[in-house]
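Undergrad: Residue-level listing of the chains:
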Amino acid sequence: MIEVSNLTKRYAGRTAVDDISFTVARGEIVGLLGPNGAGKSTTMRVLSGFMPATSGTVKVAGFDVFHDSEETRRRIGYMPENNPLYGEMRVREYLKFRARLKGLGWRKSRERVSTVMEQCSLTDVGRRVIGQLSKGYKQRVGLADALVHEPELIILDEPTIGLDPQQIRAVRALIKSLAGKHTVLISTHILPEVEMMCGRVLIMLDGRVLASDTPENLQRRMAGGNQIIAEIAAPEDVLRSVWENLPEVEQFDVSPGEGSYWRCAITPHDGQDLRPLIYALAQENNWMLRELTRSRHSLEDIYMQVTKPAAEEIE
Amino acid sequence: MRIFGTLLRRELGTFFLSLSGYVIIAAVTLLTGLSFVVLVQNLGTDPTPMPITEMFYRTYFFWLIVLLIAPVITMRLFALEKATGTFETLMTTPVGDVAVVAAKFSAALIFYMFAWLPLLGCLFILRHFTHQNVGMDVGTIGGMFIGTFLTGGLFLSLGCFASALTKSQVAAAMISFVLGVSLFAMGFLASAIPAATQWQSQVIAYFGLFEQMHDFARGVLDTRTLVFYVSATFLFLFLTLRVVESRRWK
Chain A
191 MIEVSNLTKR YAGRTAVDDI SFTVARGEIV GLLGPNGAGK STTMRVLSGF MPATSGTVKV
251 AGFDVFHDSE ETRRRIGYMP ENNPLYGEMR VREYLKFRAR LKGLGWRKSR ERVSTVMEQC
311 SLTDVGRRVI GQLSKGYKQR VGLADALVHE PELIILDEPT IGLDPQQIRA VRALIKSLAG
371 KHTVLISTHI LPEVEMMCGR VLIMLDGRVL ASDTPENLQR RMAGGNQIIA EIAAPEDVLR
431 SVWENLPEVE QFDVSPGEGS YWRCAITPHD GQDLRPLIYA LAQENNWMLR ELTRSRHSLE
491 DIYMQVTKPA AEEIE
Chain B
39 MRIFGTLLRR ELGTFFLSLS GYVIIAAVTL LTGLSFVVLV QNLGTDPTPM PITEMFYRTY
99 FFWLIVLLIA PVITMRLFAL EKATGTFETL MTTPVGDVAV VAAKFSAALI FYMFAWLPLL
159 GCLFILRHFT HQNVGMDVGT IGGMFIGTFL TGGLFLSLGC FASALTKSQV AAAMISFVLG
219 VSLFAMGFLA SAIPAATQWQ SQVIAYFGLF EQMHDFARGV LDTRTLVFYV SATFLFLFLT
279 LRVVESRRWK
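Here the protein sequences come in this chain order: A and B. Per the working numbering, numbering of the first sequence is gapless, rising by one per residue and ending at 505. Per the working numbering, numbering of the second sequence is gapless, rising by one per residue and ending at 288.
Just so you know, the hints here were simulated from the structure itself, not pulled from any lab data. Check before you lean on any hint, since a few could be wrong.
[Claimed, not checked] Below, a sample of chain B positions facing chain A; criterion: calculated Cβ distance under 10 Å: (1) 47; (2) 119; (3) 125.
[To be verified] Below, computed lysine-lysine pairings styled on DSSO-like, alpha-carbon distance capped at 27 Å: (4) B/205 to A/325; (5) A/249 to A/371; (6) B/205 to B/120; (7) A/298 to A/371; (8) A/366 to A/249; (9) B/205 to A/249.
[Unchecked claim] Cβ-Cβ distance ranges computed for the label pairs, FRET-style: (10) B/253 to A/324: 51 to 59 Å; (11) A/246 to B/64: 47 to 55 Å; (12) A/295 to B/64: 38 to 46 Å.
Glycine included, every Cβ here is placed at the ideal spot set by N, Cα and C.
Okay, chain A solo, but in the shape it has when bound (with noise of 0.2 Å):
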């Protein structure tokens, strides 16, 4: 559905996008992961066709965003950054406006935009001026728009943000449920919202993709590091000495917890699970032992790992 290849974007003395790469399949979510001012903006700009790249090629269904540009904006449903309304307009007609703009036909614009606001729940502020909405309701007056032309592509920059947990919610419901029937990119910086709706993750810096895989592989091909947690009754010193001694584990860190209890934080070779073997050891031993459990490295690990590098070169 995208093609995106050596896509490089300058401002005037500034690089944004530095050569990219990537493809996005039909039907896929595919999110885009990064602090602020990795790139991710501008790279959905240009796949929106409002900026042109300055240099590389960019595909959305066969056609050239910046060659065919009437072609692939009928088929992108863009919300930009800060979900850019018209305040002084109804919701119902703006939308209706929209639709019209996109190339809908009267009629046909009627009941896409009756559609869409029933899929946004926007049924009953229909009449409303959007300028007075809150924000929430404005969010998904935005992504209605993005979605009133039945796009192929869908592009949502930060859909998001500024929204309490419970709009958040209802937001990400929506955007999940377009999965299979629509393309969708979405960009964030908020890292669960990566996991819980999107098939695929790319994680950008400095206009750089540094990593393109499902949330699931990300997360395995860090299992080598995965640590584990035990929480046990006994005297410091055997702890330390047991852990040392057992070839399994890589690394370790005794701290008190709570009354006499010891936090283990251990950390084994090559992504083996010790937690069999430290219950062995708790029973053999009679010590007390109250909790025992893997982490799992979040997104969020994986994601300050791979960008890491770059922040310690500012440092």
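Since chain A is already given, all that's left is putting chain B on it; use the hints.
TA: For chain B alone, kept in the frame of chain A given last:
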């Protein structure tokens, strides 16, 4: 064409559904009213062979109004959309740049002409109380409105251009005001500097907006001025279009 209609309706909507639109109309009405008070005062003292419409343009009120309201009407057109980001949502729909520029300019022009309608009221009142038809026939009034339309088109296209250049409405208004006043002042340049050669004075004479308006007010339609106004308007609209397109080659 269908998209042009949709865009035009929205642009007109923002004029007529916003407070600023009515503030502009009220300001124009006040100024035309004032100018008529001055005019009627003058009529009471000296007899004059001039048609009333021409006298109206002698008062400078007309130019004051045009020079002031054209930037105010147009400053919003592109600058506001750029500032709020709606320009991005607009330009990523399959609309052409030409349709956008044309719709914005047309809406501004229609609104501008609408703001002048109270002037017609003034003329009718005058006619009603003086029981005279002198200098107020369809020809002169028509000529006057054509003149108003043409000058409006020129100054509004200047305003469109200025608005497309910047994100700031204030900057847009300032640019178009300065451009407009300079253009207006060109006409006076002709009489201020002694023209060295024939062609120089002739060229400058084409910019004599003030003099040309007198012709319109008398009901005289000169093709040269017509061509001048229309081509200058299109020149600035073309420049506006280039500025709007420029994001593609930046």
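Undergrad: Which numbered conditions among the earlier hints are violated in the structure presented, ordered from lowest to highest?
TA: Per hint list: single violation, 9.
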